[in-house]
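J.: Protein chains in written order, with the numbering used here: chain W, 2 to 247; chain H, 2 to 247.
Please note: incorrect hints may appear among the correct ones.
One copy or two, it doesn't matter: identical chains are merged, so the pair holds either way.
Below, in silico cross-link-like pairs of lysine-lysine (DSBU-like), each with a Cα-Cα straight-line distance of 30 Å or less [as the list claims (entries may be wrong)]:
no.: 1; residue 1: Lys50; residue 2: Lys27
no.: 2; residue 1: Lys27; residue 2: Lys65
no.: 3; residue 1: Lys50; residue 2: Lys65
no.: 4; residue 1: Lys27; residue 2: Lys58
Just so you know, these hints were derived from the structure itself, not from any lab.
Protein chains: 2
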Amino acid sequence: MVEPTDMEDSETVSLHQRILSDIREKILSGTWAPGHRIPFEHELTAEYKCSRMTVNKALSQLAKAGLIERRRRSGSFVRRPQSQAAVLELHDIRIEVEALGLPYRYERLERLQRRSNAGDRALLGLSTAGSVLRLEGLHFAGERPFAFEQRLINLSAVAEAGDEAFLEIAAGPWLIGRVPWSEAEHRIRAMAADETIADALDIDPGAPCLVVERRTWSAEHPVTHVRFIYPAESHTLVARFTPSQG
Amino acid sequence: MVEPTDMEDSETVSLHQRILSDIREKILSGTWAPGHRIPFEHELTAEYKCSRMTVNKALSQLAKAGLIERRRRSGSFVRRPQSQAAVLELHDIRIEVEALGLPYRYERLERLQRRSNAGDRALLGLSTAGSVLRLEGLHFAGERPFAFEQRLINLSAVAEAGDEAFLEIAAGPWLIGRVPWSEAEHRIRAMAADETIADALDIDPGAPCLVVERRTWSAEHPVTHVRFIYPAESHTLVARFTPSQG
DNA sequence: ATGACGATTATGTATATACATATTGAAACG
DNA sequence: CGTTTCAATATGTATATACATAATCGTCAT
Chain W
2 MVEPTDMEDS ETVSLHQRIL SDIREKILSG TWAPGHRIPF EHELTAEYKC SRMTVNKALS
62 QLAKAGLIER RRRSGSFVRR PQSQAAVLEL HDIRIEVEAL GLPYRYERLE RLQRRSNAGD
122 RALLGLSTAG SVLRLEGLHF AGERPFAFEQ RLINLSAVAE AGDEAFLEIA AGPWLIGRVP
182 WSEAEHRIRA MAADETIADA LDIDPGAPCL VVERRTWSAE HPVTHVRFIY PAESHTLVAR
242 FTPSQG
Chain H
2 MVEPTDMEDS ETVSLHQRIL SDIREKILSG TWAPGHRIPF EHELTAEYKC SRMTVNKALS
62 QLAKAGLIER RRRSGSFVRR PQSQAAVLEL HDIRIEVEAL GLPYRYERLE RLQRRSNAGD
122 RALLGLSTAG SVLRLEGLHF AGERPFAFEQ RLINLSAVAE AGDEAFLEIA AGPWLIGRVP
182 WSEAEHRIRA MAADETIADA LDIDPGAPCL VVERRTWSAE HPVTHVRFIY PAESHTLVAR
242 FTPSQG
């Protein structure tokens with residue numbers, strides 16, 4: 002991982018970008034501490050010899066990113082770091098496994114189409130009955146089970162799923178590409194493996210597992226609920242917090 | 002929680018905002034599916050009866066948010082949903098406990114100032130030796146232990162921490178407000194409680210725990226490494242993914 | 001056919017300008 | 001002395017304009 006060294010004459014960046022990263026740098030380095038008033042737009046206009054619009058765009062962006070706060074008549078101020086929020090990347094399991102240099106394989110354990118029961122509706126957040134598809138499967142990294150997946154698909158939202166076997170392809174990648182932009186909620190917790198899980202993952206009952214549950218909506222409609230269960234040793238989630246690039 | 006009902010005549014939003022949310026809505030609802038070419042700037046200019054700059058600002062923002070992709074000469078296209086990223090809110094533990102309606106209390110178990118050893122340097126990501134402060138403490142929710150905290154503070158970066166006892170205030174809230182904007186990396190995993198942890202949290206050895214580790218840098222300098230250990234039942238992390246508001 | 005080239009087109013960036021709006025500080029007033 | 005009023009000021013939003021840049025398409029010569 003070699004970063005491109007700052008070329009002295011790399012003048013390919015726009016002025017807007019330069020103003021933005023200059024100020025960002027001053028804030029992150031602590032040169033301008035929280036509460037500090039950063040120069041007025043007209044001062045930056047003079048400093049960078051550009052129009053106010055250009056400066057304004059940069060500052061608005063920093064404000065949207067939460068690094069500064071802008072107050073009419075008073076100026077712009079460095080905000081104090083607030084509630085730590087981190088961005089959690091949740092890749093497809095295939096990607097994760099292949100990143101480990103291991104061959105990936107998916108194997109379906111169970112497939113069941115049924116009218117939704119109360120439990121299904123609770124998991125999906127559905128208020129009315131309808132058909133659901135219940136899937137269980139295993140993701141392998143090489144010969145070892147990597148994650149156990151329990152999924153519920155709302156067939157009212159994705160009818161075509163009813164025609165798929167999901168024998169060797171997991172529903173996750175299948176759903177992406179078929180369902181438009183969606184919202185999701187994740188819940189992450191630790192859990193002791195019960196009989197079913199221990200059996201599937203080939204670990205001892207009671208062994209600690211990491212559980213990631215995801216509920217997905219598209220255009221306000223519940224699409225799927227999925228639970229990934231990882232043996233504790235096999236998986237660590239990584240989240241980064243970098244004061245937004247704007 | 003009552004949301005303000007959409008007032009018919011709420012014309013307080015800027016045109017820029019209206020264009021932005023109009024298009025966003027069309028994408029999220031699936032009206033404009035991934036791959037669809039959205040109207041050219043000059044078409045939107047006509048539709049909204051505004052200048053190209055205004056339209057351009059809105060589209061640029063959607064592009065930055067990752068919802069659309071812009072190609073010169075070709076137009077702007079709805080992107081297909083990519084790697085699921087979710088925003089994980091990591092609140093102060095006091096906040097979490099109080100949200101449960103329980104009284105919060107912190108209790109220090111150990112405080113140790115020493116010259117960094119190899120293990121310390123590995124955890125903090127330090128290359129040179131120096132003083133570190135090692136802390137262990139318990140966060141209580143009511144009478145029950147809620148989380149066990151193991152922390153390492155780089156005293157070269159935050160010298161004042163050496164003068165603090167951290168008897169009844171955790172180092173986390175103390176550090177915020179003293180350290181400017183920072184970067185952080187989180188690792189989340191499941192773990193079986195060892196003797197020390199089981200003892201501190203008053204749970205059985207081997208019981209599953211959720212572990213959140215955070216490394217923090219400020220202006221490239223390692224500041225602190227902290228490990229929060231939660232009994233599996235007491236804690237669930239929640240992360241949301243909403244296609245960026247731009 | 002094939003490849004080179006130039007015109008066309010949509011976006012990218014920047015400017016100068018205008019007026020709206022919120023807030024502050026000072027002057028005017030009771 | 002406290003309150004009201006008003007002008008000054010920094011930001012917020014929008015316009016019209018200009019030129020740069022990248023990609024595409026059609027034309028033309030080979």
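J.: If the cutoff is 30 Å on CA atoms, where do Lys50 and Lys27 land: within, between, both or neither? Let me know, please.
T.: Close inside one copy (19 Å), not across copies (40 Å); limit 30 Å.
J.: As a check of your reading, is Lys27 near Lys58 (CA-CA no more than 30 Å) within one copy, between copies, both or neither?
T.: both (18 Å within a copy, 26 Å between copies)
J.: Taking 30 Å as the upper bound on the Cα-Cα distance, should Lys50 and Lys65 be classified as within, between, both, or neither?
T.: Both, since 24 Å and 26 Å are each at most 30 Å.
J.: When no copy is specified for Lys27 and Lys65, does a C-alpha distance of 30 Å or less occur within a copy, between copies, both, or neither?
T.: Answer is both: 17 Å inside a copy and 23 Å across each meet the 30 Å cutoff.
Against the hints set out earlier in the document, no violation occurs for any number.
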